[in-house]
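*Asks:* Below are the chains, spelled out letter by letter.
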Amino acid sequence: MNRVHNTKIVLWLITGLAAAIALNRFVFGLGATTNLNDEVPWGFWIGFKLSWVALSAGGFVIGAIFYMMKREKFHSLVRIAILTAFLGYSSFVVSLIFDLGLPWNIWHMIIYWNPHSPLFEVGWCVMLYTTVLVLELLPVPLESTSRYAAVRKFLLKFRFPIVLLGIMLSTLHQSSLGTLFLIMPRRLFPLFYSHIIPIEFFISAIAGGLLMLAFETLALHWMYRRKLETDLVRLLCSLSVWILGLYFLVKIGDVVLEGKVGLLFEGSWRSYLYVGELLLSTVIPFVMFVVPKWCANRKVQWIGTSIGILGVVLNRIDIGGFAMRDATLWYTPSWMEVVLSIGILSTAALVFIFLIETFHVWDIQPRDPEALAHTPPLFDRVSGAWLGNPKTSALTRHTLAFVISFAIGMALISGKKLHAEGIENVTVRPASGIDTLCINGNRDSQYVEFPHQAHIGWMRNGKISSMTLDSIHYVLRTGADSCLVCHHLNLPGEKLSICWECHTSMYSEVDFFRHDWHASSSGANLKCDDCHTPGETRTAQTARKCTGCHPSYTFADTAGNGADAYFIPSYVDAMHKLCVSCHTIESRVLKDKPNLALCSTCHRTGTPPGLRAGMKWDVTLPRFDNVVLPTPVPGVK
Amino acid sequence: MSKAILTDVTKCIGCLKCVEACKEVNHLEADVPRVWDKNDGLSAENWTSIIQKPGDHYVRKQCRHCLEPACVSVCPVGALHKTEIGAVIYDSAKCMGCRYCMMACPFGIPRYDWDQTVPHVEKCILCYDRIKEGKQPACTESCPEHATIFGDRDALLKEAHKRIREHPGKYIDRVWGESEVGGTSVLYISDIDLDFLSYQTRPVDMPLPKETSPAMDAVPYAFFGMGGVMLGLSWIIKRRMKLSEEKSKKEDSTHE
Ligand code: SF4
Ligand code: SF4
Ligand code: SF4
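Heads up: the sequence lines are chains A and B, in that order.
So that you can map any letter, position 422 of the first sequence is 723 in our numbering, and since no number is skipped, the others follow by simple counting.
So that you can map any letter, position 93 of the second sequence is 182 in our numbering, and since no number is skipped, the others follow by simple counting.
Among the hints, a few may not be true.
20 Å max Cα-Cα, derived EDC-like pairs, lysine to aspartate or glutamate [said to hold, decoys possible]:
(1) B/Lys251 / B/Glu234
(2) B/Lys127 / A/Glu725
(3) B/Lys221 / B/Asp243
(4) B/Lys106 / B/Glu118
(5) B/Lys331 / A/Glu373
(6) B/Lys259 / B/Glu230
(7) B/Lys112 / A/Asp745
(8) B/Lys142 / A/Asp745
(9) A/Lys846 / A/Asp830
(10) B/Lys327 / A/Asp830
(11) A/Lys454 / A/Glu444
(12) B/Lys221 / B/Glu113
(13) B/Lys127 / A/Glu340
(14) A/Lys374 / B/Glu113
(15) A/Lys458 / A/Glu444
(16) B/Lys106 / B/Asp120
(17) B/Lys299 / A/Glu559
(18) B/Lys127 / A/Asp627
(19) B/Lys100 / B/Asp145
(20) A/Lys878 / B/Glu118
(21) B/Lys224 / B/Asp243
(22) A/Lys371 / B/Asp202
(23) B/Lys142 / B/Asp282
(24) B/Lys224 / B/Glu113
(25) A/Lys371 / B/Glu113
(26) B/Lys127 / A/Asp745
(27) A/Lys878 / B/Glu113
(28) B/Lys127 / A/Glu373
(29) A/Lys878 / B/Asp120
(30) B/Lys224 / B/Glu334
(31) A/Lys878 / B/Glu109
(32) B/Lys183 / B/Asp202
(33) B/Lys106 / B/Asp282
To be clear, the hints were calculated from the coordinates, so they are not data collected in a lab.
Chain B extracted, bound-state conformation:
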């Protein structure tokens, strides 16, 4: 069963309890501003952050756990993995540190231990271990306002639509994460536009790995096609040379 998180931006009061809880269960250290930080509060030591928007709106940022994650599709060694439960998890023992996942993620989520000599990729793992133990993620558990809740994705989607229906005018009629980049396991409903969470203003619904697949599918054709063309070319040229040689020989013999 695919699990998910639903965050209701209208309910969040910005108390940072989720951030603290995440730090605690994932043993993340206190962080200080580093030169390589992005200005969104996420860092190697902060897997989730609260972004304040004008008018007391608080938006929690975390990995979206895409249904078809770009990061998983590009990792050359399969260090990132989309689990049955829905969590996109990271295996630091496999990673070779190419940072392709960071480049590919449409939400700019993965962070890097730039100061370490043995650096790893850092991002929310949907508290995979806790979910497996039957618990819920630390962040949703700690939220005093139930602004961010955990559950089955289908049920949460229904809940999201229900809230939008039942409070007309309160929310923007859209569930973020329902279909962007093929859908994500972290859903948002909100009274402000949340497109700032991704690189492009309006993310298209096509899963990103689909952008690469035509080129990847063409690989065998390109490979053997080029081989064929080269073989053909060399055959033709060889034959032509032979013909012209024979011809000149013949000409020679007629001359004699």
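Pulled out of the complex, with its shape left as it was, chain A reads as follows:
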């Protein structure tokens, strides 16, 4: 099994999936991609990418250890560490592009300053530090050509101040990322909120950075099947023990000094989250690495570093949007959020692999054993017969992986209008009652009463006082003032249509023309030409109107004026349009009923008095219970 190759395939698969989601993000917006909402406007994306910055801290830590403290042992790690940092920060910025609502304005930070904002400071630091990393990294690719030797020499000459600047900038933004959350004492759960978040962030970033480097070294050796320089990993792990210990003390100290111990044992999911995070990010890796014998064990190294990294990630995600003070503030990230984030990391990993295979970043320059150059198909030299293709090249397989998973991603994304507009698909529930309808399509705490009699009486100027079958038909058939105003008589068989039978969705339009049924042999069994004029492009506009076959359909829009006419309005829109337009006119005409057009005239709360005994009245959707729909103004009729 070729580990390098398989790893790459997996990475390409994830990247393809993420590319589809990235497209979705820009075509349909944030609401269609994430589960973020007005209550939790930051979530998984922010938290997760904060952890990338933390795990990139190896770049400056190794810089400090190697260049400042002259620990030569770490030499082989320097370039890897800087490359990791560079890719970590680049991923951060790329991911920001998806996260920001208006990413094309990101450069505004350069021209519009707000020095009070921690985010402003972080932004600048990240910009500068990424530049520094490029400067630190540039000599590596320049090695391969002698053309830019002068530039390279120049950069190397200033290496010390550049590294120093990098360390200073890192100190700043690693902690400032914590400062971001200082303004949210009202939002964050007290266990997570602390006045020393910046310090905690800084320390945990150092630990995380070291563990990440150890993990990377392990992974690289595993991938390229090299014998492990256990010593180096052991060195990193035993170094991180100190930092992990310090981090633990700082965290526990904060909890104790701020009197938050009680919360630890509160038993809510947030306290479990905190304890779990504490275990993962400090206690477990600390215990694993503090014993020198364990520290040198390969398995322990694998597990310990993974757990430590997981802990840092969990910490950032918790603070970035999950650990809310209010237990009801909770959101579950959408699968697209998760996959897009992981996809960005996969891309970064692919770039990483490409760079270490192309340049001298690591102490060796590894090769992908299957990175075959493309070879043409084989032909028999004499007859010219095709002998078959050689093994598909790695490139082909990677492209294939990307394309296939991109397609799967596209298929998985629901591109519906509804989904993009965040409208919940609430199916309309029928009204109850006959003489007096109790209308409550979404079964919330408000209802509308519709007394049939009053309305019919009004329509026919009080001439009809009791309804007989004859009179119903009479009313149905006569003019614009008839029952047809509400009952459009649009259903096949000229059935007296009931509102909720067609307006099936509370808040969104529905497509009512069932093309498949009309064309199917088990349905209307029509030929194309029955509706479409032969020779013309077959569209909804050019097709025969509904009234062509169903002459009794009366509602104007049903005539099929344009494709839109096949969409019938939402229940709410239909009701409002029907009632409000008449009520508005009548409220002006009828001097004794000035309040006819007020919402409160129709909308009521509670249980309708007109409900017959035994009729079910289930209020199942308490949405907007908090919010008032108007109730009658006291003293006004």
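With chain A held as given, fit chain B with the ligands onto it using these hints.
*Replies:* Showing chain B with the ligands alone in chain A's frame:
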């Protein structure tokens, strides 16, 4: 002169005229429930809402126009701005959509156009343009009961205290917005507790930007401090290495 709104919860009858007026002057569209709504009636299309509390109490929710607004202090590009008049206004041309303002606001006010591909932050702007023209905000103008009124902040504060004094027992003896988070330009007097309007049950009086400022003030110290420490460290280590080298050289020479 700093302007303000005073809302008297006891007078509000929940007729929603203010909500309608706000929608009209700010050209907000009709809204339907969206999956990302918070259950308080505010949305990208509703900058003010009426919250009903048991016992026919109606509380109008809107941006509080804090005197030291958290949202303004955190916006990295200065898209939010506290004006002289007291309104906290929003410049959509500057915004980059980081939503930090939404996270920072202690009252959870700013909303987002989640369904848009060019989304903006949406919140009450105290009808800044109307005030500048010498008019009052649409919501206060439309209130039939004068439950929500507009005026100078000082005058309204006096009025609030006067009402509380003159009707003993009617109000809770507190003007919401007088001192919370450093004071706000939207004031409330009420006969029910209004702390539910903010995230924390009892908001402290310290302005939120003050939570960040110690850390922000420490920035130059951290920056140059770390630089100093690193320089010092590297100097010491270099010197030590040199010394030990010299020493070993000396030892070498004595051996010869
Ligand atoms: S209430 Fe919120 S949005 Fe309004 S000014 Fe204060 S911090 Fe800003
Ligand atoms: S979302 Fe816009 S207004 Fe809000 S903090 Fe970010 S840049 Fe400023
Ligand atoms: S002040 Fe203006 S923007 Fe604010 S709620 Fe009133 S009408 Fe709306």
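*Asks:* Indicate, hint by hint, whether the structure satisfies it.
*Replies:* Going through the hints against the structure:
Distance hint between lysine 251 of chain B and glutamate 234 of chain B is fulfilled; the C-alpha atoms sit about 18 Å from each other, no more than 20 Å. With a C-alpha separation of about 14 Å, the suggested pairing of lysine 127 of chain B with glutamate 725 of chain A holds against the 20 Å cut-off. A hinted pair counts as satisfied when its Cα atoms are at most 20 Å apart, and lysine 221 of chain B with aspartate 243 of chain B qualifies at roughly 19 Å. For the given pair, lysine 106 of chain B sits about 16 Å from glutamate 118 of chain B by alpha-carbon distance, which is consistent with the 20 Å threshold.
Distance check on the hinted pair: lysine 331 of chain B and glutamate 373 of chain A sit about 15 Å apart at the alpha-carbon level, within 20 Å; holds. Taking the CA atoms of lysine 259 of chain B and glutamate 230 of chain B, the gap is near 25 Å; set against the 20 Å cutoff, the hint is violated. Among the hinted pairs, lysine 112 of chain B with aspartate 745 of chain A is inconsistent with the structure: their alpha-carbon atoms are about 24 Å apart, more than 20 Å. Note on lysine 142 of chain B and aspartate 745 of chain A: the hinted pairing holds, with a Cα-Cα distance of about 17 Å set against a maximum of 20 Å.
Pair hint lysine 846 of chain A plus aspartate 830 of chain A holds up; C-alpha atoms about 13 Å apart against a cutoff of 20 Å. Taken as a hint, the lysine 327 of chain B and aspartate 830 of chain A pair is broken in the structure, with Cα atoms around 91 Å apart against an allowance of 20 Å. A distance of roughly 10 Å separates the Cα atoms of lysine 454 of chain A and glutamate 444 of chain A; the hinted pair therefore holds under the 20 Å criterion. Restraint check for lysine 221 of chain B and glutamate 113 of chain B: the C-alpha separation of about 18 Å stays at or below 20 Å, so the hint holds.
The straight-line distance between the Cα atoms of lysine 127 of chain B and glutamate 340 of chain A is roughly 6 Å, inside the 20 Å bound, and the hint therefore holds. Straight-line distance between C-alpha atoms of lysine 374 of chain A and glutamate 113 of chain B comes to about 70 Å, which puts the hinted pair past the 20 Å bound. For the hint linking lysine 458 of chain A to glutamate 444 of chain A, the alpha-carbon distance of about 15 Å falls within 20 Å, and the restraint holds. The straight-line distance between the Cα atoms of lysine 106 of chain B and aspartate 120 of chain B is roughly 16 Å, inside the 20 Å bound, and the hint therefore holds.
For the hint pairing lysine 299 of chain B with glutamate 559 of chain A, the CA-to-CA distance comes to about 19 Å; that is within 20 Å, so the pair holds. The suggested pairing of lysine 127 of chain B with aspartate 627 of chain A holds, with an alpha-carbon distance near 13 Å, which does not exceed 20 Å. In summary, the hint linking lysine 100 of chain B to aspartate 145 of chain B is supported, as the alpha carbons are separated by about 11 Å, within the 20 Å threshold. Under the criterion of a C-alpha separation no larger than 20 Å, the hint pairing lysine 878 of chain A with glutamate 118 of chain B is consistent with the structure, at around 16 Å.
Taking the CA atoms of lysine 224 of chain B and aspartate 243 of chain B, the gap is near 19 Å; set against the 20 Å cutoff, the hint holds. Pair hint lysine 371 of chain A plus aspartate 202 of chain B does not hold up; C-alpha atoms about 53 Å apart against a cutoff of 20 Å. For the given pair, lysine 142 of chain B sits about 10 Å from aspartate 282 of chain B by alpha-carbon distance, which is consistent with the 20 Å threshold. In summary, the hint linking lysine 224 of chain B to glutamate 113 of chain B is supported, as the alpha carbons are separated by about 15 Å, within the 20 Å threshold.
The straight-line distance between the Cα atoms of lysine 371 of chain A and glutamate 113 of chain B is roughly 68 Å, outside the 20 Å bound, and the hint therefore fails. For the hint pairing lysine 127 of chain B with aspartate 745 of chain A, the CA-to-CA distance comes to about 16 Å; that is within 20 Å, so the pair holds. Straight-line distance between C-alpha atoms of lysine 878 of chain A and glutamate 113 of chain B comes to about 19 Å, which keeps the hinted pair within the 20 Å bound. The hinted pair formed by lysine 127 of chain B and glutamate 373 of chain A fails the criterion: a straight-line CA distance of about 56 Å is larger than 20 Å.
Simply put, lysine 878 of chain A and aspartate 120 of chain B have alpha-carbon atoms about 15 Å apart, close enough for the 20 Å limit, and the pair holds. A distance of roughly 82 Å separates the Cα atoms of lysine 224 of chain B and glutamate 334 of chain B; the hinted pair therefore is violated under the 20 Å criterion. A C-alpha spacing of about 18 Å is found between lysine 878 of chain A and glutamate 109 of chain B, which places the hinted pair at or below 20 Å, so the restraint holds. At most 20 Å may separate the alpha-carbon atoms for a hinted pair to count; lysine 183 of chain B and aspartate 202 of chain B meet this at roughly 16 Å.
Between lysine 106 of chain B and aspartate 282 of chain B the CA atoms are separated by roughly 24 Å; this puts the pair beyond 20 Å, and the hint is violated.
Against the hints set out earlier in the document, violations occur for numbers 6, 7, 10, 14, 22, 25, 28, 30, 33.
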